[in-house]
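*Asks:* Can you make the complete structure from the sequences, with help from the hints?
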Amino acid sequence: GDDHGGFFSFIPGTIRSLWHYHSEMLNFHTGLTEAHSYSANPWSWLILGRPTSFYYQSPNTCGGTACAQEVVALGTPLLWWFGSAALFVTIGYFISRREKIAGLILVGVAAGYLPWFFFQKRTVFSFYAIVFEPFIVLTIVYCFAKLLESPATYNVRKQALIAVHIAIALCFLYFYPLFVATVTTYDDWHARMWFTSWI
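With the numbering used here applied, the sequence shown corresponds to residues 1 to 199, in that order.
If you are wondering where the hints come from, they were derived from the structure by calculation, not from laboratory data.
Keep in mind it's a predicted model, so treat the numbers as computed, not measured.
Among these hints, one or two may not hold up.
Said to hold, decoys possible - Derived SDA-like pairs: lysine to any residue, alpha-carbon spacing no greater than 25 Å straight-line:
hint, residue 1, residue 2
1, Lys121, Ala111
2, Lys146, Ala110
3, Lys100, Ile130
4, Lys158, Leu78
5, Lys121, Tyr38
6, Lys100, Ala145
7, Lys146, Phe88
8, Lys121, Val131
9, Lys158, Ala145
10, Lys121, Glu34
11, Lys158, Tyr93
*Replies:* What follows is the structure, given as structure tokens:
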């Protein structure tokens, strides 16, 4: 534990050590400004502007002329893009109707996302968005619930929502090899790099 005396000596050493540990972590993480090829400004997180590659190899076990194997913190693109749109719809509902559920969801997004904007010079990565991703999913659920409120076109809207679910699931399956380092041909890997910023 922290054995420093002084004014706070009445606080148990383990608590003071825990406080010191967290303050040192904060100082380190807010002061990290080294350039990194996978750093991503928080503005780009919602649209998956620059995912972080954790692992990449070019093995020769795929049966093709060139192979690729990668683990990338990409997320399921359709889920994130629907979520980004749903976030703005949820903000609109909260502003216009002051709905508590929308407000609670937005507090979750804000708590995990907005603090990163105060550290624009700090080296940050898109996988930090994992903290507020559940709330992005909740914005989608919230918007789906709003779409189903109107009984007039309920069946059509329900079918559209089922189609969205299926599209997101298929998108996940398509990108799954990038999440678990499946060995694929280089062409298959490159086909999943929809934007040059993902490489």
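*Asks:* If you check each hint against the structure, which ones fail?
*Replies:* none
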